[in-house]
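Asks: Each chain is listed here by its residues.
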Amino acid sequence: MIDLNFLSGVYVLLTYFAAAIFIIGVLIKIIVYAKTPMPVKIALTPAPQTKAGSVGRVASEILLFKSLFRANKPTWVAGYIFHVSFIILILLHFARHFIYHYHNGVVSLPSWYPLFVNAGIVFGILMFLSLFYLLFRRMIVDRVKIISIFSDYLILIILMMIAIAGLSMNFLISASALTKIDNRLDPFINGIATFHPINIPSNPYFLVHYSLILILVAYIPFSKVMHFVGVFFSPTRYMTDNPEEKRYYKPNAKDLSL
Amino acid sequence: MAKIKASYKVPILTGEIKIPKVVPGASAYEKMYPGIKEDMLAIGFPASLEDGWETKAVGIFKQLLTHNKALKTYMDICVRCGACTDKCQFFLGTADSNNMPVGRAELMRRVYRYYFTPAGSLFKGLADAEPFSEKMIKKWFTYYYQCSECRRCSYFCPYGIDTAVITMAAREIMDGIGIGQKYATEIIHKVFKIGNNLGIPPAALRNTLDDLEEEINEATGKDIKIPMDVEGAEVLLVPPSADFFAMPHMESLIGYAKVFYKAGISWTVSSYASEAGNFGMFIGSYKNTKEINKRIWDEARRLKVKRVVVGECGHAWRALYNFSNTMNGPFDFLDGKYKQPTHICDFTLGLIKDGVIKMDPSANDDKIVTFHDSCNVARASRMGDTKDGQLTIPRELIKACANHFFELRDGANKAQTYCCGAGGGILTDEVMNVRIAGSMPKMQVIKEVMDNKGVNFLALICAICKTQFTNMYPLYGFDKEMVGGVHQLVSSAIIL
Ligand code: SF4
Ligand code: SF4
Ligand code: SF4
Numbered sequence: 001m002i003d004l005n006f007l008s009g010v011y012v013l014l015t016y017f018a019a020a021i022f023i024i025g026v027l028i029k030i031i032v033y034a035k036t037p038m039p040v041k042i043a044l045t046p047a048p049q050t051k052a053g054s055v056g057r058v059a060s061e062i063l064l065f066k067s068l069f070r071a072n073k074p075t076w077v078a079g080y081i082f083h084v085s086f087i088i089l090i091l092l093h094f095a096r097h098f099i100y101h102y103h104n105g106v107v108s109l110p111s112w113y114p115l116f117v118n119a120g121i122v123f124g125i126l127m128f129l130s131l132f133y134l135l136f137r138r139m140i141v142d143r144v145k146i147i148s149i150f151s152d153y154l155i156l157i158i159l160m161m162i163a164i165a166g167l168s169m170n171f172l173i174s175a176s177a178l179t180k181i182d183n184r185l186d187p188f189i190n191g192i193a194t195f196h197p198i199n200i201p202s203n204p205y206f207l208v209h210y211s212l213i214l215i216l217v218a219y220i221p222f223s224k225v226m227h228f229v230g231v232f233f234s235p236t237r238y239m240t241d242n243p244e245e246k247r248y249y250k251p252n253a254k255d256l257s258l
Numbered sequence: 001m002a003k004i005k006a007s008y009k010v011p012i013l014t015g016e017i018k019i020p021k022v023v024p025g026a027s028a029y030e031k032m033y034p035g036i037k038e039d040m041l042a043i044g045f046p047a048s049l050e051d052g053w054e055t056k057a058v059g060i061f062k063q064l065l066t067h068n069k070a071l072k073t074y075m076d077i078c079v080r081c082g083a084c085t086d087k088c089q090f091f092l093g094t095a096d097s098n099n100m101p102v103g104r105a106e107l108m109r110r111v112y113r114y115y116f117t118p119a120g121s122l123f124k125g126l127a128d129a130e131p132f133s134e135k136m137i138k139k140w141f142t143y144y145y146q147c148s149e150c151r152r153c154s155y156f157c158p159y160g161i162d163t164a165v166i167t168m169a170a171r172e173i174m175d176g177i178g179i180g181q182k183y184a185t186e187i188i189h190k191v192f193k194i195g196n197n198l199g200i201p202p203a204a205l206r207n208t209l210d211d212l213e214e215e216i217n218e219a220t221g222k223d224i225k226i227p228m229d230v231e232g233a234e235v236l237l238v239p240p241s242a243d244f245f246a247m248p249h250m251e252s253l254i255g256y257a258k259v260f261y262k263a264g265i266s267w268t269v270s271s272y273a274s275e276a277g278n279f280g281m282f283i284g285s286y287k288n289t290k291e292i293n294k295r296i297w298d299e300a301r302r303l304k305v306k307r308v309v310v311g312e313c314g315h316a317w318r319a320l321y322n323f324s325n326t327m328n329g330p331f332d333f334l335d336g337k338y339k340q341p342t343h344i345c346d347f348t349l350g351l352i353k354d355g356v357i358k359m360d361p362s363a364n365d366d367k368i369v370t371f372h373d374s375c376n377v378a379r380a381s382r383m384g385d386t387k388d389g390q391l392t393i394p395r396e397l398i399k400a401c402a403n404h405f406f407e408l409r410d411g412a413n414k415a416q417t418y419c420c421g422a423g424g425g426i427l428t429d430e431v432m433n434v435r436i437a438g439s440m441p442k443m444q445v446i447k448e449v450m451d452n453k454g455v456n457f458l459a460l461i462c463a464i465c466k467t468q469f470t471n472m473y474p475l476y477g478f479d480k481e482m483v484g485g486v487h488q489l490v491s492s493a494i495i496l
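Line order of the protein sequences matches chains A and B.
If you read the first sequence in the numbering used here, its first letter stands for residue 1, the second for the next number, and so on.
If you read the second sequence in the numbering used here, its first letter stands for residue 1, the second for the next number, and so on.
Check the hints yourself; a few may be wrong.
Within a straight-line C-alpha distance of at most 30 Å, the following computed DSS-like cross-link-like pairs (lysine-lysine) qualify [claimed, not checked]:
#  : chain 1 : residue 1 : chain 2 : residue 2
1  : A       : K224      : B       : K139
2  : A       : K246      : B       : K294
3  : B       : K294      : A       : K145
4  : B       : K294      : A       : K51
5  : B       : K135      : A       : K224
6  : B       : K124      : A       : K145
7  : B       : K18       : A       : K66
8  : B       : K353      : A       : K224
9  : B       : K18       : A       : K246
10 : B       : K353      : A       : K246
Some, not all, of what chain B presents toward chain A, calculated at C-beta under 8 Å [what the hints assert, rightly or not]:
#  : residue
11 : H67
12 : C81
13 : R382
The calculated label-pair distances, taken between Cβ atoms and stated as ranges, are [claimed, not checked]:
#  : chain 1 : residue 1 : chain 2 : residue 2 : range
14 : B       : E50       : A       : P74       : 48 to 56 Å
15 : B       : E481      : A       : R247      : 37 to 45 Å
16 : B       : I12       : A       : F171      : 26 to 34 Å
17 : B       : E481      : A       : P74       : 37 to 45 Å
Calculated from the structure, these hints are not laboratory results.
Model, not experiment: these values are computed from the prediction.
Backbone N, C-alpha and C define an ideal beta-carbon position, used for all residues, glycine too.
The shape of chain A in the complex, shown without the other chains (with noise of 0.2 Å):
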């Protein structure tokens, strides 16, 4: 930690804050729903009777937006393109790790890397312009518009804004730059998952792309983003219609609420 420069002596202290916040924030969210009682049975039906069929249709909302589709399917366009982009994108930069291969400071890549970098700008470029039509529909539509908040809109600026500062350094700077960002981005990953942190990537179009992630990634367990995590536990959706073959009974939500 020593030689740290000061700019990355400021990114390794915000990247293990904001990575502390998401992970602490989303872990008490996951045990405050988890440890909520549902006083009573509130399937919505007609709903599976047994677990299996349960698991099913909660999967059936996660993988599918099965319901969405039911009730607009130009929000479910553009909402499932963003998230399936959105997912590959995260999935894509994961596996950077995966191809790269460091010796003594060489970097040997495969033959079909470029292909890897052309789904990200593909992808990329899908996230961009779903989040603009569901930005333009939120400003539009006069139902949804009424019903919109500043998080609202906030949070799809931040996100459009990492796509286009991600897309940017494909477009926007030269190939030697990239590469260099590219070389160093991964050691430094490595050093902060490791506990060795080292200098950062200094360019500034990555600079403002990791910035943005970061405030994204600290903002998320206080925002509705958190829906990725509610999915999971809404009675309406995970329970099971079986009232009168298997009694239900939650000795602590007892006589409090309905």
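Using the hints, position chain B with the ligands against chain A.
Replies: Coordinates of chain B with the ligands only, in the frame set by chain A:
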């Protein structure tokens, strides 16, 4: 029966459901009568707003959040995607943005963010957070009583966010600080005092049943009884109390009586548990729901029956099917062979299938029938053994009793049914315009089958739906005789 007033705004039926342009506050003028002192006190709530109510409200809110997973998650995870915005019949009818499910829920989330989230307490305006205030409670009292707890929104929400849960919690919080609704609290009080929602005392009930027996006798020439408080009967039948007094509800009671008579199954109604309905659920009060529910099981024990069968009532079936076992079970003193409770439609269809009773569907040949899925049945409470029995059983029963049956349009039917516009404790005349507005989507699709298929009979399985449609039909220019229960069809078709 509702009087037709000039101030009623009755939409014109075109057979189409249009999504209106948003008009915030369009239905703010329709308000419930506040709870009366004796009723509020009798069911455990303060009579009116007292000093320090804000703190008390926050306390109740907190307790609900820590004891109701649905409320807690639904406060947090709405992304305001808008998928539910055009799904509520009250929004479609009133155009008021506070009647969009998410608009309604945000009235509570604003307060939630203020007291229970860091952003809300730090940034207030920016986070759209607001403390409890009389103004806010007024809004709550208006819009949490323009929701019928029908759960259509939950069906379409990507997270299953159930605005009925939120509405119930809001009503519970309001009741806890002395802001009650006259209609529901009065009815709950009556149930505890007399045994049913209509406040019919036992002697009067017996008299009515005697009259009814005579009527049936005249019409059929058979000695068909409606027994009351008979110990040792096989079945305790619990109908909504409207089945004893209101029209067309009574026709269904006659139908039940004929089924029991022909099947040779001994049965009884009870003067103590003469009400299947549970208004405790409407106001989100676990305590009241449980107490009302308990009366039925206490009575089943006292009368030493083998099984409990429930009459045609939507929310009653929800409360009995879903909550009984949790609140007052287990029912090991009853016969384990049967579902406890059993829905009357399931019961009757079972007897038809077993060949115990026979139907002559041509007896209903004057009727061209359609069926309205009561939301509390379709989206909350199964009948029979299969996953969607609550959708298939009433239809099979209708088809066994009538030759001409047509479905309502997809998207307004089965699990996607619109509410009749008066469920959830809003079947009261002071909000008639809200009821009319809320009935509009369903009336449009009924109009469609009237025009295209010549439908002239709307079959129902819910006491509230029956009253609501009997009130709505004349307003929209239709004959109220075109509304009735599924067991009214059974009553005409059964071969005695
Ligand atoms: S559909 Fe669900 S998540 Fe979307 S706005 Fe409505 S309640 Fe919120
Ligand atoms: S529960 Fe029904 S009435 Fe209430 S907001 Fe949802 S759709 Fe509207
Ligand atoms: S009255 Fe009928 S349609 Fe309306 S809420 Fe009840 S069950 Fe649903």
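Asks: All the hints need checking, so say for each whether the structure fits it.
Replies: Consistency of the hints with the structure:
1. A:K224 / B:K139: 24 Å, holds
2. A:K246 / B:K294: 19 Å, holds
3. B:K294 / A:K145: 46 Å, violated
4. B:K294 / A:K51: Distance ~29 Å between K294 of chain B and K51 of chain A Cα, so the pair holds.
5. B:K135 / A:K224: 27 Å, holds
6. B:K124 / A:K145: 20 Å, holds
7. B:K18 / A:K66: 24 Å, holds
8. B:K353 / A:K224: Judged against 30 Å, a Cα distance of about 51 Å means the pair is violated.
9. B:K18 / A:K246: 43 Å, violated
10. B:K353 / A:K246: 26 Å, holds
11. H67: Holds, about 4 Å.
12. C81: Holds. Min distance 6 Å.
13. R382: 6 Å, holds
14. B:E50 / A:P74: 48 to 56 Å: At 49 Å between Cβs, range holds.
15. B:E481 / A:R247: 37 to 45 Å: 44 Å, holds
16. B:I12 / A:F171: 26 to 34 Å: Violated, at about 56 Å.
17. B:E481 / A:P74: 37 to 45 Å: 44 Å, holds
The structure is inconsistent with the numbered hints 3, 8, 9, 16, although it conforms to all the rest.
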